[in-house]
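Asker: Using the sequences and the accompanying hints, generate a full structural model.
Residue-level listing of the chains:
Protein chains: 2
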Amino acid sequence: MEVIAEERQKASFPVREMTHYLDGGPAETELKERFMQELERDPFWKIDDYADISLAEIRERTMQKAKIVVHHLANEPVEVFRKRMALISIAEPAFWTRLGVHYGLFIGALQSQATPTQFSYWVSKGALALNGVIGCFAMTEMGHGSNVAGLETTATFDEAADEFIIHTPTLTGTKVWIGGAAHTVTHAAVFAQLIVKGQVHGVKCFIVQLRDTATFNLKPGINIGDMGKKMGRDGIDNGWIQFTNVRIPRSQMLMKHTKVSRDGTVTEPPLAQLTYGALIQGRVAMVVDSGNTAKKALTIALRYAAVRRQFAAKPDGPESKLLDFPIHQYRLLPLLSQCFAMHFTGVVMDKMYVDLTRDLESAQPGQNMDNILEALKETHSTSAGLKAFCTWTCLNIIEQCRQSLGGNGYSEYSGLSRMSNDFAVQCTWEGDNTILALQAGRYLIGCFRDVRKGKKLPPGVGYLNQLPSILTKKCPYTRPEELSSPSCLQEAFNVVCANVVKKVAENFQQMVKGGMKPDEAFEQCSAERFFAAKIHTLGYIFSKFSEGISSAPPSLKPVLVNLCSLYGVYTVVENAGVFLQYHYFNSEQMDILTQQVNNLCQIIRKDAIPLVDSFNLSDYIINSPMGRFDGNIYQAYFDRIRRANPAKPHPYFESLVKPLLTRSMAVEEAPEIGK
Amino acid sequence: MEVIAEERQKASFPVREMTHYLDGGPAETELKERFMQELERDPFWKIDDYADISLAEIRERTMQKAKIVVHHLANEPVEVFRKRMALISIAEPAFWTRLGVHYGLFIGALQSQATPTQFSYWVSKGALALNGVIGCFAMTEMGHGSNVAGLETTATFDEAADEFIIHTPTLTGTKVWIGGAAHTVTHAAVFAQLIVKGQVHGVKCFIVQLRDTATFNLKPGINIGDMGKKMGRDGIDNGWIQFTNVRIPRSQMLMKHTKVSRDGTVTEPPLAQLTYGALIQGRVAMVVDSGNTAKKALTIALRYAAVRRQFAAKPDGPESKLLDFPIHQYRLLPLLSQCFAMHFTGVVMDKMYVDLTRDLESAQPGQNMDNILEALKETHSTSAGLKAFCTWTCLNIIEQCRQSLGGNGYSEYSGLSRMSNDFAVQCTWEGDNTILALQAGRYLIGCFRDVRKGKKLPPGVGYLNQLPSILTKKCPYTRPEELSSPSCLQEAFNVVCANVVKKVAENFQQMVKGGMKPDEAFEQCSAERFFAAKIHTLGYIFSKFSEGISSAPPSLKPVLVNLCSLYGVYTVVENAGVFLQYHYFNSEQMDILTQQVNNLCQIIRKDAIPLVDSFNLSDYIINSPMGRFDGNIYQAYFDRIRRANPAKPHPYFESLVKPLLTRSMAVEEAPEIGK
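Protein sequences appear in the order of chains W and F.
Start counting the first sequence at 3; every next residue gets the next number (this note's numbering).
Start counting the second sequence at 3; every next residue gets the next number (this note's numbering).
Warning: the hint list may mix true and false statements.
[As the list claims (entries may be wrong)] Examples of chain F residues toward chain W, derived with CB under 10 Å: (1) Gly-204; (2) Ser-322; (3) Met-354; (4) Gly-408; (5) Ala-529; (6) Val-659.
Hints in this document: simulated from the structure, not taken from any laboratory.
No experiment lies behind these values; they were computed from the predicted model shown.
Glycine included, C-beta positions come from ideal geometry on N, C-alpha and C.
Answerer: In structure tokens, the structure reads:
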């Protein structure tokens with residue numbers, strides 16, 4: 003198709019070089035291309051008919067996909083396998099979850115909470131390779147999600163038998179949403195209140211076998227059912243579980259931290275903080291997934307916009323491409339800049355996480371851990387905010403892309419409604435976004451207090467070290483290019499974030515001084531706390547974006563700097579209130595910035611297709627006729643519709659339509675009363 | 003359940019009286035209750051298992067529902083039937099669409115475009131009662147949606163035969179998304195380019211029979227297929243249609259406006275503007291539907307929040323209700339105020355539409371129509387903005403409600419994900435929201451020009467009559483109650499809207515003065531035009547809300563005024579940038595307003611459940627265990643899950659799970675090379 007070929011000729015940068023830069027080098031690009039080819043050729047990895055098959059078929063097809071992936075799991079280095087899974091996540095999110103529950107959550111629980119002996123035992127039983135053991139993660143209950151400490155399931159120590167009795171005491175204590183429970187798993191990592199000698203010791207983790215490996219029959223005392231139809235990710239078989247006096251040996255409590263001895267002595271661990279690590283890993287993965295999913299959505303929307311035409315600029319002239327309308331650029335290109343921002347944030351976060359884990363693991367006994375723990379705390383809080391705002395941003399990007407396709411976005415074959423429904427759960431699981439954002443806000447209040455006490459804060463909140471002088475800074479610029487330069491925007495975020503954090507922290511302190519308990523004061527300032535986390539996180543993403551592109555090759559830098567500026571300017575304009583309220587920008591500057599969004603969109607427009615091309619997602623991964631590389635969208639769309647909906651005899655003409663069409667319209671008779 | 007009973011005791015207002023006020027009087031409430039009872043008792047109107055039945059079953063079940071509704075259509079006054087349909091729309095949106103395509107669009111096309119003789123003919127064939135004729139509305143094509151003038155289907159006059167030849171020339175000319183085409187209709191109102199003697203006369207409407215009434219066989223030259231799986235509203239059977247040289251008599255062109263005589267003379271109508279009316283009716287219906295759908299979503303989310311508990315305020319104390327957390331109030335109560343705002347806007351709009359239609363119909367020949375036409379033009383533009391921003395607001399409300407249920411919002415049984423997927427299309431059909439918003443913005447630019455010329459504008463844009471003095475007004479208040487009073491907020495909207503309209507209008511004028519063509523200038527300022535439409539529409543909704551409650555009984559007024567203030571204050575805070583930029587509020591005032599959102603939420607919190615109770619939607623309509631009136635959500639939810647997912651033998655344990663679990667992990671052998 004010439005229309006899209008002509009778009010490719012306009013590229014201001016070498017597309018393949020951008021792909022390499024985004025992937026982290028040519029070898030990484032080749033690896034991804036190998037993954038894509040392997041998936042595309044594998045008949046069990048067919049995904050282009052999901053719109054038209056039943057829940058039961060989707061579940062079975064998802065399970066079929068496991069075989070080859072488990073082979074790779076057993077045969078390739080873990081870092082290669084992780085990259086494979088990151089790609090699979092955007093091809094088939096439900097499969098990613100179904101395997102991820104075992105591989106990430108169940109094994110993750112063993113890694114973080116089993117003693118080395120316990121860990122070796124489960125590995126010897128086949129847990130690592132899903133051979134003899136397939137596990138699920140039984141934490142959430144019907145009545146308790148975010149408040150893990152309030153879980154109702156009990157694990158009562160029976161000293162005589164040296165066993166724990168796992169029990170679901172109430173309906174609300176039923177484990178729900180347990181991924182894999184309905185059709186896949188043999189074992190569960192069960193979170194339950196430890197009760198020893200009548201005393202409750204809080205929530206601990208226990209390994210409970212749910213089913214016989216050979217027959218898949220439920221073990222005595224276990225009841226499991228299917229959670230049924232979900233908004234999305236139907237390929238994952240979430241189930242509910244009720245335990246009725248299920249006995250397990252004492253050694254199936256994971257005892258890396260808290261221990262229960264033969265005689266029922268409970269020993270608590272000295273430092274629980276180190277378990278943060280597992281949470282951070284999940285959050286980093288979700289930031290990366292937000293970026294990747296946004297790439298897929300934007301590839302569809304922007305390629306469609308380059309082919310679809312609407313309204314003629316001149317009477318009798320050809321209609322214009324959607325992408326040539328300033329409003330369409332305004333709708334999509336700032337989202338493209340957000341996508342790049344999340345990409346680079348993901349890269350930086352991933353590296354931070356790897357470094358942090360290395361520092362923790364290589365720490366020597368007796369070494370001063372203060373700096374590492376401070377960095378851990380900051381990363382834990384920052385990643386909470388990032389998980390929340392990146393998943394929300396991605397969900398919004400998908401929906402905006404979907405709407406930008408007009409009526410065709412409502413077709414399941416566009417791929418975008420399914421993407422949205424699949425993605426939506428990311429805003430809830432592994433920490434409800436609102437609650438995570440509030441945690442991030444709480445950390446910021448703590449930082450403000452610390453800096454007042456003279457403590458030096460780590461880089462992620464480093465702008466607070468410049469208190470109080472930073473508070474009153476004003477932007478000195480008047481020219482558009484100055485105002486939208488990365489350095490100006492970075493200062494804008496720093497100044498405004500510092501003000502916002504100060505505001506909520508002082509309100510909090512005032513409430514506490516007034517006699518309120520700190521927990522209540524945190525609740526009372528939660529809207530402000532949420533807002534502080536939002537602005538801080540948006541600024542943090544901006545700084546990671548600009549950090550991420552600082553080492554870009556000269557051929558890529560101009561377009562990346564423009565995208566970074568667009569991200570910053572658009573974010574400022576969308577949150578104009580706070581930037582005006584603290585007087586970093588005045589009304590005239592804000593006017594110019596508003597206009598700069600349009601200007602930057604216009605500059606980036608010519609690179610729109612080359613930029614989504616640089617994401618290098620194959621038509622198989624894109625899985626949408628509207629997002630095809632060759633731009634032949636209408637023919638592919640019509641073919642997909644016809645293939646999925648072949649002509650069939652009318653299913654209910656005789657029984658329903660015909661009686662309606664041919665019914666008698668005579669007025670119904672009524673007897674006369676007479677006299 | 004006591005928890006929800008205790009909520010009901012806190013009501014600050016008489017709930018039944020509120021229901022009557024919202025409905026428009028006790029008789030209206032009784033009518034709605036009668037409708038609800040009729041639906042609930044009718045086995046064909048079962049809707050509580052839609053999550054678990056197939057597309058084919060949903061389609062058939064939707065058709066079954068038609069029988070009783072068609073009976074009412076034939077036997078009750080049109081205004082009663084319209085109210086019935088407004089309720090049905092939130093119980094079963096797909097059915098509403100399936101009937102609405104015939105009843106609203108097909109009949110609507112006849113009403114607005116057929117001559118009286120033609121109209122009588124189709125009525126005599128049974129069009130009004132779906133007896134002999136069931137119609138669809140074939141406008142959209144694969145390559146053309148918003149740009150109706152660009153449609154490709156042709157209707158070529160064959161003078162010799164006195165016939166039109168209807169033809170689809172290209173793939174992109176295929177009619178798509180035609181509701182009812184796949185399985186329901188016999189006839190279509192087809193929009194096609196009229197070609198007479200080789201000359202194109204623009205898009206006109208033609209009635210084409212698609213199928214034989216007795217056999218449902220397709221007529222010669224007609225090809226129809228199913229559009230297949232959609233994001234939502236699966237009960238409506240959208241189809242695609244291709245016409246291949248289909249001949250129809252000349253009299254099947256609807257000739258109320260443009261006429262083609264026997265000898266091929268084309269006569270154009272003097273005034274096309276009056277066809278606006280049909281568009282306005284659809285938009286008003288969608289504003290009303292946005293309010294009603296939001297009521298349903300909020301009933302679910304707020305009842306859930308009154309029952310669900312999370313985190314204990316004190317160690318070992320009971321956990322708090324979600325609704326008692328300030329952040330949860332902040333998440334939901336401003337949305338509740340938006341719901342009321344849309345309700346009252348819908349009521350006012352409906353009345354405006356009825357009055358306008360009456361004025362138009364009762365106009366005498368020779369009467370000066372200027373005022374009526376001016377009002378028509380304003381209503382047309384205002385309703386465009388309202389359709390856009392109310393449907394977006396409602397879609398956001400549904401999604402926020404869904405997320406507020408945490409993981410349980412991801413269950414299809416919560417009803418909210420389905421509601422969101424069903425509702426999403428409202429942002430696209432009957433005018434893509436972005437395009438409608440731009441139309442509204444274009445009107446505002448015209449108003450600014452008119453007022454500069456000394457013309458007096460109609461009430462909806464009346465604030466522009468106060469130009470230029472209004473531009474520099476500043477808010478004089480400092481106390482929270484003053485700042486959040488309806489009069490202060492109304493002035494705030496007026497001042498800021500006037501500034502925003504001036505800004506975009508002057509930019510536009512400057513571009514035109516600089517030599518740009520007006521159409522191009524409109525495109526270049528489209529982001530600002532969109533923004534002007536947004537702020538204007540939000541202010542318009544505020545004014546209709548405050549107008550709508552001005553006559554409320556004294557017992558209801560306090561809570562309604564608080565809701566109105568919350569709507570206004572929240573809208574100002576969410577759009578703080580523009581209120582600060584034009585200096586109506588200063589930073590300190592904005593701080594106070596921000597705090598007022600929390601304060602108003604806290605005041606309204608005690609009435610949250612009584613307010614959703616006053617919507618008076620039965621459990622049947624709510625159709626979600628989480629939104630039950632009695633608050634027994636967990637038992638109902640668990641029952642629904644188990645009923646929908648009864649225990650079954652494992653479908654693929656032997657074929658897929660067992661081979662994985664029990665596979666040999668021995669390293670594969672390779673032959674030795676030897677020497």
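Asker: Which of the listed hints are not met by the structure?
Answerer: 1 and 3
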